[in-house]
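Quick note: the sequence shown uses my numbering, first residue 550, plus one each step.
Just so you know, the hints here were simulated from the structure itself, not pulled from any lab data. Treat the hints with care, as some may be off.
Said to hold, decoys possible - List of simulated lysine to any residue pairs, SDA-like, C-alpha gap at most 20 Å: (1) K752 - S696; (2) K588 - Q558; (3) K1045 - R1007.
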Amino acid sequence: MLESLMYPQAVAILGASRKPDKVGHAFVANLIRSGYQGKIVPVNPEAKDILGLKCYGSLAEYGGKIDLSIVVVPSRFVKEAIQNSINAGAKVVTVITAGFREVSSEGAALEQELVDLCRSQGARLMGPNCLGILNTHNRMNATFAPSLPPAGKISVISQSGALCVAILDWAAKQQLGVGKVISIGNKADLNEADFLQALAEDKETAVIASYLESITDGNKFLRIAEEAAAIKPVVILKVGVTQAGAKAASSHTGSLAGADIAYGAAFKRSGVIRAENFESLFDYALAFASQPLPAGNRVAVITNAGGPGIMAADAAESLGLKMVTPSEPTKARLRESLPATASVGNPVDVIGDAPPNLYIHSLKVLQEDNDFDAIVVVVTPQNMTDPLTLAKQLAATHNRKKPLLTAFMGGEAVEAAKAVLMAAGIPNYPSPERAMHSLRAMCDYAAWRRRPPRIVTRFPVNRRRVDRVLQWHIRSNIHQVGEVEAKEILRAYDFKILDGSLATDTGEAVETANRLGYPVVMKISSPEIIHKSDFGGVRLNLANADQVRDAFDLMMLRVQRRAPNAFIRGAYVEKMGTRGREVILGMTRDPQFGPMLMFGLGGIFVEVMKDVTFYLAPITQDEAMQMLRGTRSYALLKGARGQAPVDLDAIASALQRISQLATDYPEITELDINPFIVGEVGAEAYVADARMTLSNSDIPPHQP
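With the hints as extra help, turn the sequences into a complete structure.
See below:
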């Protein structure tokens, strides 16, 4: 059906105008100016012709069939225009008119009527409040933007019509080849996922670039984005993210997560490359559209200036790219033509007055060296450099087996060279840093494409035990699942839980401690006290009965003073566990994308440094390990500074079990295991403390 939108044979403009300052006139003019070869049908009851084309009083008067209808009439007439368009055969109706959901509740209601009308008759609605669609491969500018870029392989989906205008103007000036530019506006019916799917199947599109402010259906987006990214690169600039969702969260995981984190996790899972800003959106898209994917992340730099070479090396290493040193045979080959003052390390510095042939010699050598996966050429316009000749020779020499990116730095002196590079399909950037960021994006996408098949392990668990605990909380109208019951649930998912039990008075506390053996831990048990230590509700390393007795009495006194209205169930007495590395495992349920898992080290690493990683459930073993490697503190887990490494597989397994629990029980909205104690390989990891939150709109979260 979207073929009728992107490759229509007949386009009707309802609201076409003879006045040059009207949007309805711009659509007719742009279709003619772009060289569209299909039938153009202007509709306006008050005009006989527009720009030399016969104008019809209505589609009924036209009498023929149309594929695409563009509606630019006032909002009160849009519904009638859509019905007339469908009657004339339109499979897709593009509503340019604004004044719907974006302005009022009445507008939102009218917008829904338009969607219902289209769906009831087998048509699709694009917009409203959009710019239209441009397809250079069909020579069709069905927008009211004046600029027309050259045809190319990059197609764009934008939620902002104004940004579409800016993109088209910028691309035309840069002579950047563009395929389709699709403005989705309010996306009342057709949304970003629909167009991702259409462009993934479009043979003329090699790269999909998108500007989004929101995503309509998280699950649908994840599925289609992953399918699209498996075919071609998808680069998205996502804006409008806030931390509002974290304000209501009570767990560590929930407070650290937010809308931006959720989108980042969704993009990582689906293979989408996230652009940080408008510049990087097209920096990345240009590299993907014009260069082969790298086989790895080892990069060589060729430069004629030490400073820019250092900039390139710094940027590469800060982004996780590897600046490997050339082998001795490669160094010998480089020295065959380079002067004695040149450096044959990495960067390869061909010195400031190097003519183009020294660059070309170095490029030939490095292209043939399998120790490098990509090459970045940095050029400053010095006396002997001749940027234009160098650009032509780079284009002729590049063998297209590995990516070549350039950074011709400067202004007027390199303008002609940049045009040659653009025409040759070699992406050029104004600085080495931007070139390296683009290469990093290529490496990330290439690694995602090489990822192993996703196999999610299902562990044998005792769901009956979990059902019993959750049903009791639901019947009791209790929102928070405290430590005792949370550990019961985790035990059912084969987590190691230390022996312990609830004590309601001093005698029970001492009896339990004597049975468990000393030392023991004592923690307050209350569904209304979430962070126990904040209320004096945790005592560690109690070594005898007297300490247990004193700790129980003092804990009850302190907690009752600090939380006088809290319901106190008693104190949980537990065997003191062995020492190990404290980590935090968690889950929070994003309203768009579902359960997100969290991992981080305990203490200041989470509280102060916010050094955590998130991943969408369900996860595989490999993805669980990626979560560990994604933290800055990963080196500590591996055993930095002479410390023994911890059991990384135990953490990865625990994350997978949380993933299964979260997918099995959607009513669990937040989960914290804090801390999870993990020791050296072979030592059994265990849950020291845990809590959960259940979803129930009728139950407000309990607060102390």
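**Study point:** Given hint Q558 paired with K588 - CA-CA distance at most 20 Å
**Key:** holds (6 Å)
Check your understanding: Given the hinted pair K752 and S696, is their alpha-carbon gap at most 20 Å?
Key -> violated (24 Å)
**Study point:** Hinted pair K1045 and R1007, Cα distance within 20 Å
**Key:** holds (18 Å)
Consistency note: the structure conflicts with earlier hint 1 alone.
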